[in-house]
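Chains S and R, in that order, are what the protein sequence lines are. Count the first sequence with numbering that gives the first Met the number 0 and you get residues 0 to 190, in order. Count the second sequence with numbering that gives the first Met the number 0 and you get residues 0 to 574, in order.
To be clear, the hints were calculated from the coordinates, so they are not data collected in a lab. Quick caveat: nothing in here was measured; it's all calculated off a predicted structure. C-beta atoms are modelled at their ideal positions from N, C-alpha and C, and glycine is treated no differently. Mixed in with the good hints, there may be bad ones.
Said to hold, decoys possible - With a straight-line cut-off of 20 Å between C-alpha atoms, the simulated SDA-like cross-links for lysine to any residue are:
id	chain 1	residue 1	chain 2	residue 2
1	R	K2	S	Q28
2	S	K99	R	I329
3	S	K119	R	A331
4	R	K491	R	G353
5	S	K137	S	G13
To be verified - Here are the in silico distance ranges between beta carbons for each label pair:
id	chain 1	residue 1	chain 2	residue 2	range
6	R	D462	S	D33	48 to 58 Å
7	R	K351	S	G169	48 to 58 Å
8	R	E327	S	G169	39 to 49 Å
9	R	H443	S	K119	36 to 46 Å
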Amino acid sequence: MKETKNIIICGVGGQGTLLASKLIGSVCQSGGYDVKLSEVHGMSQRGGSVVSYVRYGESVASPVVEVAEADVILAFEMLEAARYLPYLKKGGLIILNDQKINPMPVIIGAAKYPEGIIEKLRDKPIDVIAVDALKLAKEAGSAKSVNVVLIGILAKHLEFKKNDWIKAIGETVPEKFREMNIKAFESGFVL
Amino acid sequence: MQKLLLGNEAVARGFYEAGVTVVSSYPGTPSTEITQYSALYDEIYTEWSPNEKVSAEVAIGASIAGARAATAMKHVGLNVASDPLYTAAYTGVNGGLVVCVADDPGIHSSQNEQDSRGHAKTSKTPMLEPSDSSECLSFTKLGFELSEKFDTPVFIRLSTRISHSRGLCDISERIEFKNEYKKNMPKFVAMPNTARPRHEFVEQRMRELTEWAETCGINRVEMNNAKIGVITSGVAYQYAKEALGENASYLKLGMVNPLPVRLIKDFASKADVLYVIEELDDVIETHCRKNGVEVIGKELFSFCGEIRQDVIADKILNKKPEIMSLQEEIPARPPVMCAGCSHRGLFWALKKTGCVISGDIGCYTLSAGPPLSAMDTCICMGASVSAAHGFHKAEGENGKKVIGVIGDSTFAHSGITGLINAVYNGAGFVTVIADNATTGMTGHQDNPTTGKTLKKEAAPVLDLVALCKSIGVPRVRVVDPNNLSATLAALKEEVESGETSVVIARRPCVLLKDTVLGDSLMVDAEACTFCKVCFQIGCPAIISADGKAVIDENQCVGCGQCTGLCRFQAIKGRA
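Please model the complete structure; the sequences and the hints are all you need to start from.
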C-alpha cells in the first residue's frame, strides 16, 4: 500500500473516541504498517467537539488529517459528522451513529440543530452508513460501547482480519468489560 | 521491540531508559501525561508539586545531588519555573537535568500561544525539539547526555501534536545512573562573585554547543529536489514532508537552540528557493537573516496557530483541495461544565451577586461563556486573588465590588501568596475557593488538598480553612455550591461585610470515581411552563423537546441544582 490511509474519528467529549482511535491504531500496527494517531486531550473533552486521527501506510509523516484527505470518517454524533464532512475525500465513507446531542448554543436557543443531516450527506458523492449505535451498544450491555459498535462496522471496510480486531479489543479493554465489548463489536460487524 | 506510544509516554520511557530517579511536575495540558507515565515506573520517584517553580527546583536539587532528574510543564508553566531555570543555566548540573516544555500552537487548551524557544534563547539553555514519538524517546535520552557533557539543563520542546500523537518507538533497557555529590560552592552558590565567572562559562558553553549543532546527527539534511529547500523542526517538519514529499529538500533541525550557522549556509547554497517552516515565532527565520541567508518564512506562514500540511501545499505548490460541505450553519460545540458539576451552582450564585468576577485557570473558566457568562477576567494561575485586590484598590470602598474565584489546586499553585498580600495590605473583598477536591481540567490529578500523592499514597491534607485563618483572613466559611440559595446568601453576606473574606465552595468533582452520584431527575411536563429559567445554568442534561424542558437521563446525575431554580416544582425525582 503506497498511499497512506486516513481515518477521522469525531464526536462529543466523553463518547469514547480516544479508545476507538487506540484500537484502530493497534490493529494497524499488528498489520505491519507504520501508524500515527493524533488525539485531543484537555479542555475539549468537557463535552466539546472532539476529533482524533489515525493514519497508516508504508511511512507516515504528519499525525493529523486535513481537509479533503480522509478516506473514512467515523462519526459518533450527527452534527459532528456534518462538521467534519469537509475533511472527507470525494468517494469516501462516513460511518455515522445517528445520535443527536444538542450543543450548548442549541440548548440555550442561540443556534438551531440542522435538520435532515443524513439525507443531506447522502446527496454528496460519498458512501454513508447510518446506524443507531447507541441502541446496539445498550443491547450489548452498555451505552458506553457505542465506540466499539462503530469499530465493528469500520472493520468490514478495512483490510485487517476480524481476529486482529478481537485481539486488539482484548488488549485494550479491561478484563471485566471484554465480553461486553466483543458483543458490541460483533453487533456492528454483522451489519 | 516496537511500541505505539503517545509522545508524552515516549518521553517518560526516555526518562526510564536514561536512569532517571526523580521527576517533579505540576500538571498542564499538553504536558501532563509525561509525569503520569513516569509514575508507572517503580524506579522513578515521581511527584506532583504545587507549581512549576517548585517542581523545577526539586529537579534542580536532585540533579545537584547527582541523580538524573526531570520536570515537565506546559508553555505557561515555564514562565512560573523560569526563575530557578535561568539561574540553573549558570550553575549547570551534576546529574543530567531535562526540562520538558509543551507548547500549544492553536491554543487547544491554554490562555496564550507563546513560543518557549524564546525562553531557551534568553536563558541560554540548549533546546531539542522532537518531531514524533520515536524522537521523543531518543531526544530525551540524548538530553541527559548533553546535559552532563555541556554542564547545562536541557530543554525538550514539545507541542500539542507531538505530545498527544502516537507513533512507533523502539524501546530498550534501562541503565542505572547516579553521580556522587561533591560540594562546589563557586558552581552551585549563585551570587555576584560566583555568577560573573559562571556567565563567562555560559557564553563559552553556547559557542561550544553551536559548534556541536553544526555536525550533530539530529540536525540533518535530506536532499531530494533542490528547487525547493525547507528549513524546519518539530511537527512542522512532518507537515512539510506530508505536503511537499520529494518535491523538496529538507534541513531538519533537532536542536532549536542554539542554531547552527555553517550547516544552514551550506544547505542554502544547494537550494534554489529557501523556505523556513516553523510554528509560532520566527526564531529560525531571524537567525537565517542575521547570518545573511535569504529565506521566505512568515510572509507565507502565520505567527498564529498551527501550520498545517494543506496550508503548506497551498502556499508553496499552489495545490488547493476540493472541499465538500453541507452549505449550512453548523452550530459550534464549545466544551461545557459536566452535568452535575458543582462549579455551575457556584457561578450561577456569583453572577447573581452582580459583582465583577476575577477568575482563574481551571474547568470553572468555562463559566465565562453563555449562558452563565459569569466571569470578567482570567489571566494566569493565581491572578484571580491578586488582580481582585488591585481591582478593589482601584475602585475604592464605594466602587464596583469584586470577587476573586480560584480552584483548590490553583490556590495551592499560586493563590496563597495573593491572599497573603490581600490580608497584609488591608483588602476588603471576597475570595472564593472552588474546592472540587481535584485538579479537574487536566484530568484529575491529586494536589496538596486531596490527601493523596501522585502514586496514590496517603498524604497530609492541606486544611484550607485553617490555612486561611492562619494567614489572618478574618472571615472564612464553607458552603455547598449545589445549594444555590444558601451559596448566594453566603456570598451576599460576605460582600456586604466589607472585610477580607474567604468562602470555600466545597463539593467533589462528579467525575471522580469516589463521588457518589444521584439518580437522574425528570421534568413533570404538566407542571413545566417552559419559562426556561432552568436553562440559565447551562446544564447539558437539560434540553428542550416539544415546548417543554426535558432532562436527559443519560447525562443527569441528580445534583439537584435545577430543582431549586424551578418556581413550579416541575423538576423532581423519577418515580
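Run the structure past the numbered hints and jot down the numbers of the failing ones, going up.
none
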